[in-house]
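Got two chains here, each in a separate frame; can you build the complex from them with the hints?
In case you want the letters, here they are:
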Amino acid sequence: MNVHEYQAKALFRDFGVAVPDGELATTPAEAETAAKRLGVPVVVVKAQVHAGGRGKGGGIQLAKSPAEAKQRASEILGMTLVTHQTGPEGKLVRKVYVEAGSEIARELYLALTLDRASECFAVIASTAGGMDIEEVAAKTPERIHTELVDPLVGLQGYQIRKIARALELDAPQSGRLDAFLRGLYRLFVEKDASLVEINPLVVTQQGELFALDGKLNFDDNALYRHPDVAALRDPEEEDPRERAAKEIDLAYVGLDGDVGCMVNGAGLAMATLDMITVCGGRPANFLDAGGGADKAKVKEAFKLILRDPNVRAILVNIFGGIVRCDLIAEGVVAAAAELGVKVPLVVRLQGTNAAEGRKILADSKLDITPAETLREAAEKAVAAARGR
Amino acid sequence: MAILAGRHTRLLVQGMGRMGQFHAKLSREYGTAVVAGVHPGKGGTTIEDVPIFETVGEAVRATGANASVVFVPPPGAADAILEAADASLELVCCITEGIPTLDMARAKRAMCSSPTRLVGPNCPGVVVPEQCRIGIMPAQITRPGPVGVVSRSGTLTYEAVDQLSRLGIGQSTCVGIGGDPVIGTNFVDALALFEADPETKAVVMIGEIGGSAEETAARFIRDHVTKPVAAFIAGQNAPAGKRMGHAGAIIAGGKGRAVDKIAALEAAGVAVARSPAEIGETLAKHAAGVL
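Going down the list, the sequences are from chains V and H.
Quick note on numbering: this note's numbering labels position 120 of the first sequence as 120, and the sequence is numbered without any gaps.
Quick note on numbering: this note's numbering labels position 135 of the second sequence as 1135, and the sequence is numbered without any gaps.
Just chain H, same shape as in the assembly (with noise of 0.2 Å):
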């Protein structure tokens, strides 16, 4: 077991271009089920020995695809999520990055009563070690064992699996959520399946600046989560009122600082990483009881 993905997978790709297919093509080389891709106006074609389809719907009825992975470019991504949950995938992960915020905000609400699980925008994506890979992950970092992580960050996602995997510590599944102000699963989502996931035993969080996902994960945790939780908080250095790259991440009027972040995960006792080369040292640590 693991979340959100594994061999049961079947994955469909919408947005067939050059990042698409190269991406496409690593993840069925890693061993997933990669079935179809859909491409208006490509329809018909074969590309990288994946069948293109018009619709997200025609793919569907044609290759049992259960989840998409989404590198539409940004006016159309939102529609492309849609698309996705209109035909009840039980997952769609968006990858791209700069989508107008109103687009996701409208998107997001309209997808309340979808079954379809959004992981993202603006997100690596999801890896379940040596069984699935979707997104862009580079997967050879990541090693099977208990730990889960997840992250609103994409390279330092890496970072820290890489830390974990050199520890000789393998992961559950690896998900960035995605560092945008308006996203599909966040912390508390990813949270509440590690806990349910008999195989995760600990979890690893990665948080940075602005918004308050992380004070809201840590009121989550220290009532829900029963597993040992490390954590970091990028931007402990970010100058007030600069955006640090991501769309999201900001501190806006006193609003959003590391330090408030990390004093909410510590008060619900998650084990906090000063230093960004010590997440898997702090996680090795708290939790060598359940490793």
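So here's chain V without its partners, still in its complex pose (with noise of 0.2 Å):
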């Protein structure tokens, strides 16, 4: 789960973590205030939305007075801002963040994840701060430094004296630095986030250390034990179609062809994506109905798919294992009935109970295609999408 910069530098504070001060605005007139209250020659305003890159995008400008951030804030509110991780189609501004201007002297970048192939925490730290991480990783590799963190040890002093060396930080900054992460790193642990990065980390020209930008993501499967982590959500910024899935407990990730899928596991509903473009068809969505389905479940997963005015056709496949094909085919007889489906739906159940799914399907005397193999089953749907 992603939040938003304000809610991450709130956080942020909660665990000593130095950001600059700021408040949330919603309106010009509300940001004004902000300004005022802050009380500095400069601010900054700030669009706040689930996205990187908002600089470059016209989402964050400076303000050198309230009325300049009134008026500034007025312009950002109610923007879509386009950024390259925001897609074309843009995400609209609600709120803006107003934040006390930094005279900076340095940035840095810091980040804080696991790191797979160890299956430690990672700490990556670069001197080449507000650039783009993986940009730098990729040309100069040097100017990274990653300090692997035992999960169950933790962060120790030497650690954080080796990131140190490599921001190439003095003694006081060194030290500002030591309660830094500290506070980052049990943040990171005590909240189950699966990602912290700050970039840039400004080294201010006082030698100050602030967190000028903060990501924060959470571990999904953790939020249970974080009811306030789940609740700084918000459904404005996620996918209609990947959040109406999530609230039925779908794994959903809208695509943009026209062959709906249904599939049971998260793998072969990635290799049903592969088959369906093997066979020159494209796929309008993923779908793992998950290890649960049942007659309910693939009722919604229908509904989600017809969602998209693009899919031409339903590919349905399942290979039982816990799911029981039997329970599936009732659950897209009664789709086919109830949600009156007007597409081609072609359906292929394998495993658990396959024979009694087949013979609920071809008893309901709706027109439902069947298929034995998963290169059969998208071959039909593929070319019952071109309308042949």
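Heads up, some of the hints might be wrong.
[What the hints assert, rightly or not] So, partial list: chain H residues that the calculated Cβ filter (under 7 Å) puts toward chain V:
#: 1; residue: Pro1100
#: 2; residue: Arg1106
#: 3; residue: Asn1237
#: 4; residue: Ala1240
Hint data in this document are derived by calculation from the structure and do not stem from the laboratory.
Even for Gly, the Cβ is constructed at its ideal location relative to N, Cα and C.
Right, dumping it as structure tokens:
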């Protein structure tokens, strides 16, 4: 789960991670009041959307007076911000964060995440702050320092000293980094974060350290034990179909083709998209109905697939292990009848209770095309989507 | 011989809820010795003819269980894995999906010095055809034979096994290693076991986008595996930045792409199926000399 910059910074503050003063505003007037209260010569008005690259898209503006902050906020609020992370459709800006400006001496990079290869946490630090870190990694990997942290032992003092050296900090700054990193690590572990990224981490003219930006992702699997974090979720920022899927416990990713898919299991669902592509078609979505798929869930999955107006055929591919094909078949029949599915429907059932499932489909007298193998199912669905 | 399990396996089930009971029954019907269940609060009772214990230790002492399958819900699953390790079982296979990454990172680290081998979590388990079923796989699609199958996916494993069986090619052991970011047995571990197993003549490996486990496996195959390996990588058409169901299946920062994994495997001499419908045929062709 993703949160906004202003929410990340509030958590940073709670854990003793230094951030500039700032306030949230949803109207230009609120932005003006916020700027007045901050009482600094320069404030920054920042669009709050779940996407990086906001500055380049015009979503971050400087203001030298409260009146100017109001003006900038009126420009940003309500704009559709397009960045390299939003896709061409962009994101509507509903909130801005008004933050005290900093006198920046240096821009650094700091992140904390799981390193999958070592199965340890990794602190990633670089003197190349304010840039795309993936580009830095590709072009100047020597500017990136990675410190692996044993999850049982935790972040150690010597590791912080190594990072401070890598970031070329002086003694007082290194002391500030110690408090900063310990707070960040505690936040990461106590709140089950999956990624904390601070880009840039700035050193000010006065030698202070501040998180100028803050990206915070949380492990969805751990939200059950952090109701405070779960409450930070902003449904407006999520794809409406993916949001609807999440509410009924299905994994859904919208794509831009015309063959709708319902599959059990993530691997088979990905393979089904691959198969459709091999057959010359284009999948409309990824949908993993999961291990608990039953009649009710199948119906909800169909509703979700049919919300996409581009869908011209639906492919149901079930390999029953934990899932029973007869229950899926009942769901398909009920959904097709009750929802009045107008597009061609190709159903492949294999594994647990497949024979019973196929019989239910055949007995239903509905116009459902059965398929035996993965290839046959994909070929038939692709042909159906093309109107053949 | 096979890897991980077999006729010697005496299975205990941790978490005898609806799922645990259902699959304990299926495993027993398949011929697996399901000797005990562990379900705190239900110790001393019997469910589906399986004696239930309060702790893994008690179950092991009373029944001689040497392997466990975990169906405990996510909040207690890592605890259940560690309890199995504490009792020094040979194998613990965790089916549970949705365990917090932090819990698994710690549990994995804590098991470094344990003799217990972990398979999973978020995996379908292990089947040794006609000998032993641990987990949730539809064992009826398997048949005994010379091919080892190892996979990050659940249902895609069934697809691959089904293709092999339909071609008349049996399996020595089918292992699902799970789709989470932190797992116990990984591709390299399974490949090493298959390489050392005299009954396994060839291997099918099913990977997917995300992480770098397939690239690591490719290097291991190049340097240490003499048996023919066929592979498939799921997610060739997955968009970047989207989590495709599995917690670990995500292309992030230009890393974890299918095309790079395929290239690494092919460079290591692995025959990679371009379509998921050709996994069986690809293996049959590539391993024709040894099957």
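Tested hints:
1. Pro1100: holds (4 Å)
2. Arg1106: holds (5 Å)
3. Asn1237: holds (5 Å)
4. Ala1240: At 10 Å from the nearest chain V Cβ, Ala1240(H) fails the 7 Å test, so the hint is violated.
The earlier numbered hint that this structure contradicts is number 4, and it is the only one.
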